[in-house]
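Engineer: Take these sequences, add in the hints, and give me the full structure.
Protein chains in written order, with our numbering: chain A, 16 to 389; chain B, 16 to 389.
Any given hint could be a false lead.
What the hints assert, rightly or not - Taking CB as the label site, the calculated pair distances span:
(1) B:ASP350 x A:GLY141: 42 to 52 Å
(2) B:ARG351 x A:GLU36: 25 to 35 Å
(3) A:GLN373 x B:ASP322: 22 to 32 Å
(4) A:MET25 x B:GLY156: 28 to 38 Å
(5) B:GLY141 x A:ASP322: 57 to 67 Å
(6) B:GLU270 x A:ASP98: 23 to 33 Å
(7) A:PRO308 x B:GLY349: 33 to 43 Å
(8) B:GLN303 x A:GLY95: 33 to 43 Å
(9) A:GLU217 x B:ARG351: 30 to 40 Å
(10) A:MET25 x B:LEU269: 37 to 47 Å
(11) B:ASP322 x A:ALA242: 23 to 33 Å
(12) A:VAL78 x B:ALA116: 42 to 52 Å
These aren't lab readings, by the way, just hints derived from the structure by calculation.
Don't be surprised by glycine CBs; every beta carbon is placed ideally from N, CA and C.
2 protein chains.
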Amino acid sequence: MTDSKPMSGMPETPCVIIDAERMNRNIQTMAEVARKHNVRLRPHAKTHKIPDVAKLQLEAGAVGITVAKVSEAEVMAEHGIADIFIAYPLVAPGKIERAAALSRRIRLILGVDSDEGAARMNETAGRLGVQLTVRLEIDTGLRRSGVPYDDAAALAARIHALEHLKLTGIYTFRGALLQQRPTLDLADAGEEEGRIMVQLAERMRAQGIPIADVSVGSTPTGAYAAAVEGVTEIRPGTYVYQDRMQARFGVCGLEDCAGSVLVTVVSRPSPDLAVIDGGSKTFATDVQPNSAPLMLEGFGHVVGYEDAVLERMSEEHGMLRLGPEAQRKGLKVGDRISVIPNHICSTVNLHNRVLFRQGDVLEPKRVAGRGMLE
Amino acid sequence: MTDSKPMSGMPETPCVIIDAERMNRNIQTMAEVARKHNVRLRPHAKTHKIPDVAKLQLEAGAVGITVAKVSEAEVMAEHGIADIFIAYPLVAPGKIERAAALSRRIRLILGVDSDEGAARMNETAGRLGVQLTVRLEIDTGLRRSGVPYDDAAALAARIHALEHLKLTGIYTFRGALLQQRPTLDLADAGEEEGRIMVQLAERMRAQGIPIADVSVGSTPTGAYAAAVEGVTEIRPGTYVYQDRMQARFGVCGLEDCAGSVLVTVVSRPSPDLAVIDGGSKTFATDVQPNSAPLMLEGFGHVVGYEDAVLERMSEEHGMLRLGPEAQRKGLKVGDRISVIPNHICSTVNLHNRVLFRQGDVLEPKRVAGRGMLE
Numbered sequence: 016m017t018d019s020k021p022m023s024g025m026p027e028t029p030c031v032i033i034d035a036e037r038m039n040r041n042i043q044t045m046a047e048v049a050r051k052h053n054v055r056l057r058p059h060a061k062t063h064k065i066p067d068v069a070k071l072q073l074e075a076g077a078v079g080i081t082v083a084k085v086s087e088a089e090v091m092a093e094h095g096i097a098d099i100f101i102a103y104p105l106v107a108p109g110k111i112e113r114a115a116a117l118s119r120r121i122r123l124i125l126g127v128d129s130d131e132g133a134a135r136m137n138e139t140a141g142r143l144g145v146q147l148t149v150r151l152e153i154d155t156g157l158r159r160s161g162v163p164y165d166d167a168a169a170l171a172a173r174i175h176a177l178e179h180l181k182l183t184g185i186y187t188f189r190g191a192l193l194q195q196r197p198t199l200d201l202a203d204a205g206e207e208e209g210r211i212m213v214q215l216a217e218r219m220r221a222q223g224i225p226i227a228d229v230s231v232g233s234t235p236t237g238a239y240a241a242a243v244e245g246v247t248e249i250r251p252g253t254y255v256y257q258d259r260m261q262a263r264f265g266v267c268g269l270e271d272c273a274g275s276v277l278v279t280v281v282s283r284p285s286p287d288l289a290v291i292d293g294g295s296k297t298f299a300t301d302v303q304p305n306s307a308p309l310m311l312e313g314f315g316h317v318v319g320y321e322d323a324v325l326e327r328m329s330e331e332h333g334m335l336r337l338g339p340e341a342q343r344k345g346l347k348v349g350d351r352i353s354v355i356p357n358h359i360c361s362t363v364n365l366h367n368r369v370l371f372r373q374g375d376v377l378e379p380k381r382v383a384g385r386g387m388l389e
Numbered sequence: 016m017t018d019s020k021p022m023s024g025m026p027e028t029p030c031v032i033i034d035a036e037r038m039n040r041n042i043q044t045m046a047e048v049a050r051k052h053n054v055r056l057r058p059h060a061k062t063h064k065i066p067d068v069a070k071l072q073l074e075a076g077a078v079g080i081t082v083a084k085v086s087e088a089e090v091m092a093e094h095g096i097a098d099i100f101i102a103y104p105l106v107a108p109g110k111i112e113r114a115a116a117l118s119r120r121i122r123l124i125l126g127v128d129s130d131e132g133a134a135r136m137n138e139t140a141g142r143l144g145v146q147l148t149v150r151l152e153i154d155t156g157l158r159r160s161g162v163p164y165d166d167a168a169a170l171a172a173r174i175h176a177l178e179h180l181k182l183t184g185i186y187t188f189r190g191a192l193l194q195q196r197p198t199l200d201l202a203d204a205g206e207e208e209g210r211i212m213v214q215l216a217e218r219m220r221a222q223g224i225p226i227a228d229v230s231v232g233s234t235p236t237g238a239y240a241a242a243v244e245g246v247t248e249i250r251p252g253t254y255v256y257q258d259r260m261q262a263r264f265g266v267c268g269l270e271d272c273a274g275s276v277l278v279t280v281v282s283r284p285s286p287d288l289a290v291i292d293g294g295s296k297t298f299a300t301d302v303q304p305n306s307a308p309l310m311l312e313g314f315g316h317v318v319g320y321e322d323a324v325l326e327r328m329s330e331e332h333g334m335l336r337l338g339p340e341a342q343r344k345g346l347k348v349g350d351r352i353s354v355i356p357n358h359i360c361s362t363v364n365l366h367n368r369v370l371f372r373q374g375d376v377l378e379p380k381r382v383a384g385r386g387m388l389e
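Structural biologist: Structure, rendered in structure tokens:
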């Protein structure tokens with residue numbers, strides 16, 4: 016798990032620390048969920064972007080991984096990951112060509128959600144003499160990519176008819192939809208996700224399209240979607256580290272969060288204000304405080320200071336508002352504290368490396384898949 | 016300006032494109048502001064984090080640069096920048112030691128804002144046999160780091176008395192304060208910023224502390240603060256590229272924005288929705304839509320599509336809501352569009368490289384100062 020020399024003692028801040036024991040426990044827990052429901056687990060690597068973490072997931076039972084970019088797939092393949100699903104509509108000719116090249120080396124599955132995208136892939140595949148395995152992305156309410164649910168069966172038939180594409184499954188993602196709901200019922204959301212996807216697969220099969228894979232599920236909904244008869248695969252990502260958002264969803268406890276940011280107090284201008292050396296270039300700001308339904312207070316959970324709120328940030332400053340208890344405990348210039356970020360995936364994406372902590376040893380690990388241009 | 020082979024033709028997306036002509040014009044414009052008011056210009060390199068861009072700023076008349084981290088100063092010094100102000104309170108022993116080492120090689124100024132920080136620097140400087148040049152950071156209303164205004168003169172006297180520190184100036188930053196105000200009057204804000212800092216410097220001089228440098232100013236307030244008699248230096252950062260936030264402040268027009276993100280339409284699930292291949296890992300989310308007083312609509316300005324709004328993002332997806340005009344113009348899967356982000360500094364920070372465009376040629380340039388751990 017080491018990229019460079021293990022360190023002992025305290026690292027400079029700010030830095031992301033990954034508690035290896037918690038991570039390993041999270042990996043095992045989700046693998047067990049998949050085994051229990053007899054579905055395949057294909058974790059989304061967006062959270063960690065580290066090939067060695069993907070390998071731990073595979074060792075625990077995952078059948079392969081999911082990524083969002085062909086460049087990420089290339090990095091993972093270079094490091095020996097041999098079964099990858101790019102769950103994203105590739106439409107640029109250069110990217111499709113690279114995917115086609117990669118498909119000669121590993122088991123590769125591509126996402127598709129439009130006639131135009133399918134035509135482009137089919138043309139490239141024909142020209143390069145390969146057959147590309149694809150899954151059709153279904154919009155089940157999130158309104159981002161994915162063919163609208165009611166149009167999906169017809170599009171599937173048209174893709175099925177293309178000579179150089181092999182349509183083997185359908186997939187959807189609904190995790191982020193939970194953030195748009197006024198109330199959270201993960202069991203209902205997950206069950207619905209699985210059920211409507213299985214129904215759609217049945218409709219396609221009745222048209223003669225051999226849909227083998229019904230792939231669903233996110234960290235919050237995965238366990239519930241997996242329980243639906245006919246679902247074949249789940250693709251959770253965040254579970255590997257977990258985060259404050261997932262804890263608020265009720266998916267885990269804060270004590271399961273493997274990722275935290277170590278920061279130093281650099282200024283104490285007033286009794287109720289402590290300034291830390293991490294701002295919006297250290298903590299992601301995509302999951303904002305005080306947004307329904309999560310209503311997270313601040314940009315992260317300040318470990319050990321229950322009434323300290325990471326209330327404001329500029330690029331390199333984080334402003335902690337200290338409540339009475341935190342003021343009583345005291346925080347001096349130079350003190351170090353840990354903050355569990357609202358969203359670990361986008362926070363890790365800000366960092367070139369993370370430090371894996373096992374006991375007293377810290378092992379720096381490059382986030383090899385981050386910052387890929389395409 | 017080239018790190019690797021110049022490219023012609025269209026690059027893969029998403030990527031940040033810097034229009035070199037606009038950038039050069041912005042660099043000249045701010046240099047002219049400083050010359051006109053006879054103040055020194057020390058741009059904050061946080062926006063670009065590229066040594067060659069810093070050199071262009073120096074060639075245009077800047078006396079040196081400003082950074083936020085000792086690691087950034089080290090990168091810039093390695094590339095030949097010889098006059099650097101770390102406008103950030105360094106408090107960790109390791110960082111102070113590195114700054115002390117750097118101070119033997121270049122002209123280095125350090126920020127300080129507390130007795131504790133000053134004591135730590137003084138101890139390290141004494142131990143290593145150097146004298147460190149420092150400036151005292153003043154809080155003039157932003158409530159992040161900086162000693163409270165009313166406590167500043169007393170703290171300055173205590174720092175002045177320390178043997179191994181040489182206190183030569185005071186500095187403040189108020190740019191982000193504008194985002195907290197209900198209405199924007201840049202001229203008033205800049206004039207006030209300059210005036211209260213000059214008054215404070217006078218008070219310190221009356222105590223026998225030889226304050227030479229009164230350093231203020233941000234991109235929005237710089238020109239107004241520079242006009243105040245007694246201000247000696249301005250430290251704008253964003254001006255080098257400009258962005259949508261600055262255009263909304265009235266500092267520039269959208270046609271002055273040198274930085275944009277090139278993206279591809281990857282999905283068109285419905286007439287009013289186009290999905291692009293840039294989300295919160297491509298566009299910064301620290302300057303949120305619909306926040307007073309800026310009230311920016313969406314996460315960026317969609318060039319050429321006035322009523323298209325980058326309304327929602329997930330990590331790798333951007334959701335454009337298309338108004339009637341954008342729907343009429345049409346946007347097909349595979350089309351490429353440019354988006355001027357709300358905040359260019361934090362957006363550039365997401366990218367390992369940017370592409371400088373000069374005519375038809377694109378030159379990749381590594382964002383050498385990004386992702387520094389400390």
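Engineer: Look at each hint and say if it fits the structure.
Structural biologist: Verification of the supplied hints:
1. B:ASP350 x A:GLY141: 42 to 52 Å: Once the Cβ atoms are compared, 23 Å apart, the range 42 to 52 Å for GLY141 of chain A and ASP350 of chain B is violated.
2. B:ARG351 x A:GLU36: 25 to 35 Å: violated (46 Å)
3. A:GLN373 x B:ASP322: 22 to 32 Å: violated (53 Å)
4. A:MET25 x B:GLY156: 28 to 38 Å: Since MET25 of chain A and GLY156 of chain B have Cβ atoms about 34 Å apart, the given range 28 to 38 Å holds.
5. B:GLY141 x A:ASP322: 57 to 67 Å: About 39 Å separates the Cβ atoms of GLY141 of chain B and ASP322 of chain A, which means 57 to 67 Å is violated.
6. B:GLU270 x A:ASP98: 23 to 33 Å: With a Cβ separation near 48 Å, GLU270 of chain B and ASP98 of chain A fall outside 23 to 33 Å, so the hint is violated.
7. A:PRO308 x B:GLY349: 33 to 43 Å: holds (36 Å)
8. B:GLN303 x A:GLY95: 33 to 43 Å: holds (40 Å)
9. A:GLU217 x B:ARG351: 30 to 40 Å: With a Cβ separation near 38 Å, GLU217 of chain A and ARG351 of chain B satisfy 30 to 40 Å, so the hint holds.
10. A:MET25 x B:LEU269: 37 to 47 Å: holds (46 Å)
11. B:ASP322 x A:ALA242: 23 to 33 Å: With a Cβ separation near 44 Å, ASP322 of chain B and ALA242 of chain A fall outside 23 to 33 Å, so the hint is violated.
12. A:VAL78 x B:ALA116: 42 to 52 Å: This hint holds: roughly 51 Å between Cβ atoms.
Violation of the numbered hints given earlier is confined to hints 1, 2, 3, 5, 6, 11; the remaining hints are satisfied by the structure.
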